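Engineer: Sequences are here, hints too, so could you generate the full structure?
Protein chains: 2
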Amino acid sequence: MNYPLGAKSTEKKSISYGNRGMNLEYDLNETNNYYLIQNIAVVYKKPTPIKIVDVDYPSRKEAIIKKAYFQIPSTTDYNGIYKEKYIDFEAKETMSSTSFPLANIHAHQIKHLERIKEHGGIAFLIVRFTKLNKTFLLTIDSLSYFLNNYDKKSINLDFFEKQGYLIDEKYNPRLDYLSIIEKIYFKGELK
Amino acid sequence: MNYPLGAKSTEKKSISYGNRGMNLEYDLNETNNYYLIQNIAVVYKKPTPIKIVDVDYPSRKEAIIKKAYFQIPSTTDYNGIYKEKYIDFEAKETMSSTSFPLANIHAHQIKHLERIKEHGGIAFLIVRFTKLNKTFLLTIDSLSYFLNNYDKKSINLDFFEKQGYLIDEKYNPRLDYLSIIEKIYFKGELK
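From first to last, the protein sequence lines are chains D and V.
For the first sequence, the tail end lands on 191 under the numbering used here, and the numbers increase by one without skipping.
For the second sequence, the tail end lands on 191 under the numbering used here, and the numbers increase by one without skipping.
A few of these clues could be false.
Identical chains blur together in the list; that is why a pair holds if it fits in one copy or across any two.
With a straight-line Cα cutoff of 25 angstroms, these simulated SDA-like cross-link-like pairs (lysine to any residue) come out [stated by the list, open to error]:
1) 46 <-> 92
2) 61 <-> 96
3) 111 <-> 34
4) 45 <-> 117
5) 92 <-> 162
6) 61 <-> 25
7) 131 <-> 25
8) 61 <-> 47
9) 111 <-> 33
10) 92 <-> 50
11) 83 <-> 154
12) 111 <-> 38
13) 170 <-> 157
14) 131 <-> 169
15) 45 <-> 92
16) 61 <-> 104
17) 117 <-> 35
18) 45 <-> 73
Please keep in mind that the hints were generated in silico from the structure rather than gathered at the bench.
Everything numeric in this text was worked out from a predicted model, so none of it was measured.
Structural biologist: As structure tokens, then:
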């Protein structure tokens with residue numbers, strides 16, 4: 001399901017990356033682990049919030065959760081620090097080849113990213129079009145611009161191509177999103 | 001169990017704060033919520049990491065976790081942004097009236113706080129001596145100093161009194177730890 005479709009992607013397939021590209025979360029965790037080991041940045045995925053209803057204690061030290069529910073996250077999945085800057089992002093995959101449905105992000109997550117920006121942090125989305133094997137970084141500025149100017153329920157691929165930044169997929173780091181952050185926010189090379 | 005013992009604390013008791021001081025996590029969540037609403041800072045507690053073993057799907061939309069375990073957290077409980085600065089801390093309560101057992105913090109959590117400092121963030125511990133009704137902020141610098149200079153399994157109250165900062169407990173915000181961060185890191189008023 002995650003295999004590349006396009007010609008460009010087929011070329012990539014010939015390079016054996018093992019279990020590369022299993023999914024976006026996996027790639028980001030590997031990338032963040034690389035950043036950590038190389039002492040480039042400290043970024044972690046937050047645990048999934050869970051509402052615990054029932055816990056068993058078969059022994060003093062052991063606890064087994066017997067009943068729990070998934071909760072809607074209050075914030076985004078990833079945050080951390082890069083070159084003294086607070087960074088914060090949400091990462092999503094879509095199976096659509098044409099657009100990213102906004103229903104994939106909660107309104108309060110967008111609000112959260114806007115707040116982060118307001119307080120001087122770097123906030124963005126990472127969106128993967130799985131079938132196209134393309135992963136984009138979209139800043140909160142571009143996302144806010146879209147939401148304020150388009151009355152649509154999804155963001156077209158075209159908007160990502162024009163306003164977002166395609167993240168190179170490599171062996172290591174798999175998804176070097178910080179190289180884009182570096183260019184946008186530290187070197188001012190990208191608009 | 002959380003009621004104050006000392007004379008100073010007894011005075012405080014006469015002020016009715018409702019469910020005030022139920023526990024440190026509650027106080028910090030209230031405080032962070034105040035900071036958020038007042039637009040002072042964006043700080044959240046991370047969810048507890050849980051390893052899910054078994055999930056039931058009684059309907060398409062509903063998922064019930066039937067078996068799961070608590071995991072050891074990779075990082076600290078709290079992080080966020082204050083005045084463009086990344087902040088990160090761990091919060092712990094102890095029932096001891098004399099010292100804080102270091103077994104309460106995982107070695108990798110201390111390593112994490114040291115990394116945050118190295119990358120230009122603000123890292124610290126918040127430790128409450130529950131029986132004394134005293135809550136201290138201890139910077140990672142002071143913690144590292146202790147670990148490098150004392151071969152002890154717990155940090156004496158005296159060290160907190162001298163090297164840490166007592167956090168005032170108020171009605172709102174309950175535990176104004178950012179006023180201390182402001183003085184240490186922004187105004188340079190405290191050493």
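Engineer: Decide, hint by hint, whether the structure agrees.
Structural biologist: Against the structure, the hints come out as follows:
no.	hint	verdict
1	46 <-> 92	both (14 angstroms within a copy, 20 angstroms between copies)
2	61 <-> 96	between (46 angstroms within a copy, 21 angstroms between copies)
3	111 <-> 34	between (29 angstroms within a copy, 17 angstroms between copies)
4	45 <-> 117	both (19 angstroms within a copy, 19 angstroms between copies)
5	92 <-> 162	within (19 angstroms within a copy, 47 angstroms between copies)
6	61 <-> 25	between (31 angstroms within a copy, 22 angstroms between copies)
7	131 <-> 25	within (16 angstroms within a copy, 43 angstroms between copies)
8	61 <-> 47	both (22 angstroms within a copy, 21 angstroms between copies)
9	111 <-> 33	between (28 angstroms within a copy, 15 angstroms between copies)
10	92 <-> 50	both (19 angstroms within a copy, 21 angstroms between copies)
11	83 <-> 154	neither (33 angstroms within a copy, 33 angstroms between copies)
12	111 <-> 38	between (32 angstroms within a copy, 15 angstroms between copies)
13	170 <-> 157	within (22 angstroms within a copy, 51 angstroms between copies)
14	131 <-> 169	within (15 angstroms within a copy, 54 angstroms between copies)
15	45 <-> 92	both (13 angstroms within a copy, 22 angstroms between copies)
16	61 <-> 104	between (39 angstroms within a copy, 15 angstroms between copies)
17	117 <-> 35	both (22 angstroms within a copy, 16 angstroms between copies)
18	45 <-> 73	both (12 angstroms within a copy, 11 angstroms between copies)
Of the numbered hints given earlier, the model fails hint 11 alone.
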